[in-house]
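**Student:** Residue-level listing of the chains:
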Amino acid sequence: MSLEVKIKKRYKDFSLDVSLETKGEYLGILGASGSGKSLTLKCIAGVETPDEGKIVLKGRVLFDSENNINIKPQSRNIGYMFQNYALFPNMTAEENIGVGLKLAKKEKKKRVKELLSLFRLEDMGHKYPAQLSGGQQQRVALARIIAYEPDVLLLDEPFSALDSKLKSELHTEFLDMLNLYKGEVIIVTHSKEEVYRISENLALIENGTITGFGKTKEIFEHPKSLSEAKMIGCKNISPCEILSDNRILCKDWGLVLETEGIPINCKYAGIPSENFEIVNEPGINTIECKLVNVIEEINGYLIVFKNNKRNENSILYFNINKETWNKKKSQNPLYLKIKDFYLLI
Amino acid sequence: MSLEVKIKKRYKDFSLDVSLETKGEYLGILGASGSGKSLTLKCIAGVETPDEGKIVLKGRVLFDSENNINIKPQSRNIGYMFQNYALFPNMTAEENIGVGLKLAKKEKKKRVKELLSLFRLEDMGHKYPAQLSGGQQQRVALARIIAYEPDVLLLDEPFSALDSKLKSELHTEFLDMLNLYKGEVIIVTHSKEEVYRISENLALIENGTITGFGKTKEIFEHPKSLSEAKMIGCKNISPCEILSDNRILCKDWGLVLETEGIPINCKYAGIPSENFEIVNEPGINTIECKLVNVIEEINGYLIVFKNNKRNENSILYFNINKETWNKKKSQNPLYLKIKDFYLLI
Amino acid sequence: SQTPPAGQETPEDQQPVEEPQPRATILLAAAASLKNTFDNELIPLFEREYPNIKVDATYDSSGKLQAQIEEGADVDVFMSAALKQMKAIDEKGLIKEGSIVELLENRIVLILPKDSTADISSFEDILKAETIAVGDPESVPAGQYAKEVFENLGIWADVEAKASLGTNVTEVLSWVAEESADAGVVYATDAASNTNVKVAAEAPEGSVSKVIYPLGIVKGTTKLKAAQTFVDFLMSQEALAIFEKYGFSAN
Amino acid sequence: MNWSPILISLKTASVSMVITFFLGIYAAKLVAGMKSDKVRIFIDGILTLPLVLPPTVVGFFILLVFGVKRPVGRFLLEFLGVKIVFSWTATVLAAVIISFPLMYRSARGALEQVDKNLIMAGRTLGMSERKIFWRVMMPLALPGIASGGVLAFARALGEFGATAMVAGNIANKTRTLPLAVYAEVAAGNMEASYGYVAVVVFISFIVLSLMNYFTIKGSKYTDKDASK
Amino acid sequence: MNWSPILISLKTASVSMVITFFLGIYAAKLVAGMKSDKVRIFIDGILTLPLVLPPTVVGFFILLVFGVKRPVGRFLLEFLGVKIVFSWTATVLAAVIISFPLMYRSARGALEQVDKNLIMAGRTLGMSERKIFWRVMMPLALPGIASGGVLAFARALGEFGATAMVAGNIANKTRTLPLAVYAEVAAGNMEASYGYVAVVVFISFIVLSLMNYFTIKGSKYTDKDASK
Ligand SMILES: Nc1ncnc2c1ncn2[C@@H]1O[C@H](COP(=O)(O)OP(=O)(O)OP(=O)(O)O)[C@@H](O)[C@H]1O
Ligand SMILES: Nc1ncnc2c1ncn2[C@@H]1O[C@H](COP(=O)(O)OP(=O)(O)OP(=O)(O)O)[C@@H](O)[C@H]1O
Ligand SMILES: [Mg+2]
Ligand SMILES: [Mg+2]
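Chains as they are written, first to last, in the working numbering: chain V, 1 to 345; chain P, 1001 to 1345; chain X, 2001 to 2251; chain Z, 3001 to 3228; chain F, 4001 to 4228.
Quick caveat, the hints were computed from the structure, so don't treat them as lab data. Please note that a few of the clues may not be correct.
Lysine-lysine pairs mimicking BS3-like chemistry, simulated, CA-CA at most 25 Å apart [stated by the list, open to error]:
1. K1008/P x K322/V
2. K1309/P x K1328/P
3. K290/V x K251/V
4. K235/V x K1322/P
5. K2054/X x K2114/X
6. K4069/F x K2162/X
7. K12/V x K4035/F
8. K1008/P x K3035/Z
9. K2087/X x K3069/Z
10. K309/V x K290/V
11. K1267/P x K1215/P
12. K4217/F x K3116/Z
13. K72/V x K4069/F
14. K290/V x K23/V
Kindly produce the complete structure, drawing on both the sequences and the hints.
**Tutor:** Spelled out as structure tokens, the structure:
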């Protein structure tokens, strides 16, 4: 199984220019709102036609602007789960799910029933989309696309309308199910947890272009570029200057960091907001903080602070659990040691 | 400002029976998919008509089945942001936002522009909904309802389609903006972080009925009932039996827990998955684990285990950060001490 | 060859001097079969002779015109294709007393498609036809006359069984012209207007009452003088000659 | 070929179309919003009536209402000085009555097809029912409304039976194109009739093109590439 | 009152409505799917033509095509032994041709109003175009399609001018209700005509009610309380 995509599409004020390749591993796409994720999937599915480029699935050319090839969506065998579901309002949940199934009546019924129960929709089969809740609609859409058993599953934020309990249950079962299934899966999501859990590979998209691609775990553990760091949610990022073999200066924070193996093209430093530790005295890679704000979150506090020793004004974020903070917050001055950080190009 | 809601609505296989009251504090509603959150908001906004009950806003009766009062939506001055946005497809983003504004043309233009930039939609004003991405549509819908400046803002998962960076930015600005605004806000969401950040009060809804109501922080810190514990995502819950003044037996796990002040009507015990600690020897409130699975998550591992000393088969979950786990995972046997737990009625 | 219209003693060229005609537009309602005669010749001629008077005309089946006049249409002069409608209006008191003139006569003829080889040469022969086109006797004057002919010949029942009843003359003509029907009965003037039909026989003398085209002035007219002038013109020899050219004969 | 029927027909068809357009939409809105199904079906029946009766018969009934001796006709004449029968107004009246069901029915179908959610959204945004109607329902129902407009215009342009009955067939005054066509066909002047038919066809082509143009323009929002 | 016109009319209107219904929808689908705007407008004009000409004239043209002297008519007669003119078939032919534009236009408007996204969704689910059409577009366009059906049926029921021209007015064979109504009205037998009018009205009420019923049933999915 392999899918190669290299397409361009231009709108008046947005242009998409994307190259992707997957070989049977599930691919996650992360990107800001409006960065072109859905558009990419739509082009692959044949819902939109790229201006130029090529799409090849298992050696079969689906689209090629140069040779005027544009296979119709029906023959691509690519299932696209629309972000807004696109359920048929005139069909019940059951009918929606069954509509792409090419089975005998009895088997079809059985399969639809299986899917309904897999997606916790046991009693919803006879309801029309207008009678379903948002999350129920989303599940019907997901069930429908899975029932179709396409060669490629394109999922556009498939779990965004579900509560966390249901989401994590479905993640598990979804993964089990996908294991039985031999196609490509591309999943667009805004949830890092989801991408981390479901997809082995990860593509980052920014403003219509792919700005990062790699193994999901590696990217999350060691982002290598500014975009990657941003995308995995690294809150503290500053441009930096290489001072020597093992020292860099983070300009925004007026902070010098020491480490081994600084790449020659390192331009930014990123500090995950969890990677601080409260210590008792100054030292290397340690900041004396000036508190700006303390925001309470569910499982901890978000400490907003500045470097007290310099007059740079850029703030930093530190996530800490409540227990530890409550124990140590009265320390003055407060020293934070940076346990680990990213060097970014 | 006050809003009182006490309504019933019956469908063939679902019935809603909700009582709510707010007095100017922002209210969050958490509930599983299909539990009746949207339906409640729709009834308040006048989009759906309850079968019976009463809705009173600032002393003004909006709906009263007994006295046959049913104020039309236009006169309720309640803004409802539809879960599926319900943008007018024939109007541009600008027009959609401006449609509820009753200002002179010039001011209107100015206000719309402000809102567009507040929601990071600067260049999207002239686009039609079909030309916007999912997240952009959601922001237009949010901007539209905020432009209308109703007495009550009902938001149905207003941020679900946004990436986390944008979401947290908007949260902040949204809160700032709401501070200037003197109405009620009711927000439905599946995100605990969101509810925690935005709403002071929290209502839990299960299967059409309110099963919990209180200060958001209190509920998150000390859930008092089974539903509350479930809703805040407590993963380990077991029915329990009171053995003595200070001891209970968690039946699912075959575990005896000791603590002070056990309420007489305590029926369940809940252990947040973060509230374990790896210790070196057995002791009170300590389990000897039998590992079932270790799932890697972004910021840690999810340890799935059983009580090794009993043959109860129910599993428990433990969230631990990677560093700690990697240090201690080789311990055998592994003892987990329960630092804190909830006693639930 | 300008003969002064009947009932007018003074020569036509002096008329404006002696009695200036008021500027007026009058409305003529005439049976559809008169359209060509009026539109092509009579009205232009009249308007040339009486430049002060303009004639508008509306043509339709006489039955419709009757209904319209009864409902107050602004008609000044009415010319129907049968006495029945004129009488009906008159009985309602809508025609100026004594103004009815039984001006023209038409003839009832039997027509066949141009290329017909059918052996039909008299009204009795019509039963050899498979389908017969006649106007609806209830509403179309030509149909009434046809019925009368066949009744007198004692074959109406047989004819009716094969008949398609046209709601107007155009239908009857088209049916025969296009060979939908094998034979039909219309006025001689209608037959003359369509080159795809040929006349096989005229209604036998005495088998039908005279097909009279009466002319009358509608009582409500506000332009009596002009209307009268027009009626007088139609009664003139000059006008009658034109009618005859189109297949009518003076009564 | 005489130009007057063309002008008269154009005038009649345009005026009557404008009237029918708004009347039809208004009626559609009223009926679509009715609570009781029974009442709705009843009104629906009445409003569709002009379509199931032969136009001549409709014309006859119109005559029975607007004739100068009849109450309505007399009222119009005595108090407003308007005489309907045999006037140009009558051609418009006939065209409106005959083409009305087409507009009404199409508009109703189109309005019923509009997503109810959007209407509700408009309400919760404080939009008045009128504003919702003009700014939301109408634009969204445009394809259906436009096809109603096309049908109504075409029917008004082709209207013949009722017109002849109520307005007569007076050259330069009430003789519309169809009457002219009919008159020529009836008089056996096929060549002349072809001329008029060509004009009718030409006019309807123009109007159809315009309609198509406006519909396409009006629903540009469904065209995904509009801002390209 | 004679029952035969009623039966004939019922038969004619039903048969022609079924034909028009499918023909109209099919044409609408074809035209709506056309790539070129120009071709579309042209075809549109042709298909709308029967509406802008007086029915009698349309009937005349039909006669010029199907008359026994004319190529088509002769072909049908000589090779298939079918004589169209003056037969019941002709009443259906006339009704179909006259009512066709109504169905076609309404269906087109309704189909164009269907959300393009859903059609795309159908495609990505591997549904054939035919299946998408029948299972998605048709049901969603139902209100508009139904109103087209109502219009077409009503028009077929009321068709008069073209029918008389092509099918003649033969008692018990081709005399339809409108012809009967017309004959009575023209003859001034108002009472008799009222009888027929009542029947026409009654039939259209029944049909309208049925249509309304099916439309309501067919779009029950928009009725939020359907499962109550
Ligand atoms: N038809 C169109 N015309 C003009 N611009 C368009 C059109 N369709 C999409 N765009 C623009 O392309 C960009 C990418 O859209 P896309 O739907 O792919 O975003 P996305 O990454 O899926 O975002 P989201 O997470 O918000 O769904 C957006 O800025 C959008 O405004
Ligand atoms: N018109 C209707 N007919 C029948 N059942 C309905 C109807 N509308 C809603 N329901 C049912 O009511 C329940 C609550 O729906 P609601 O939309 O309020 O859920 P919700 O809490 O908003 O869920 P979600 O988070 O998935 O949006 C659902 O189970 C749904 O199936
Ligand atoms: Mg998207
Ligand atoms: Mg909901």
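**Student:** So, for every hint listed, does it hold in this structure?
**Tutor:** Hints versus structure:
1. For a cut-off of 25 Å, the pair hint linking K1008/P to K322/V is broken: about 41 Å separates their Cα positions.
2. The hinted pair formed by K1309/P and K1328/P meets the criterion: a straight-line CA distance of about 20 Å does not exceed 25 Å.
3. For the hint pairing K290/V with K251/V, the CA-to-CA distance comes to about 17 Å; that is within 25 Å, so the pair holds.
4. The hinted pair formed by K235/V and K1322/P meets the criterion: a straight-line CA distance of about 20 Å does not exceed 25 Å.
5. A C-alpha spacing of about 39 Å is found between K2054/X and K2114/X, which places the hinted pair above 25 Å, so the restraint is violated.
6. Our distance criterion of 25 Å between C-alpha atoms is met by K4069/F and K2162/X, whose separation comes to about 21 Å.
7. Simply put, K12/V and K4035/F have alpha-carbon atoms about 23 Å apart, close enough for the 25 Å limit, and the pair holds.
8. For the proposed pair K1008/P and K3035/Z, the alpha carbon gap of about 23 Å is at most 25 Å, so the pair holds.
9. With a CA separation close to 20 Å, the supplied pair K2087/X and K3069/Z stays within the 25 Å bound.
10. The straight-line distance between the Cα atoms of K309/V and K290/V is roughly 9 Å, inside the 25 Å bound, and the hint therefore holds.
11. With a CA separation close to 22 Å, the supplied pair K1267/P and K1215/P stays within the 25 Å bound.
12. Of the supplied pair hints, the one linking K4217/F and K3116/Z holds, its CA atoms being roughly 17 Å apart against a limit of 25 Å.
13. Distance check on the hinted pair: K72/V and K4069/F sit about 49 Å apart at the alpha-carbon level, beyond 25 Å; violated.
14. Proximity of K290/V to K23/V is assessed by CA-CA distance (about 49 Å); at most 25 Å being required, the pair is judged violated.
Hint compliance for this structure: hints 1, 5, 13, 14 are broken, all remaining hints hold.
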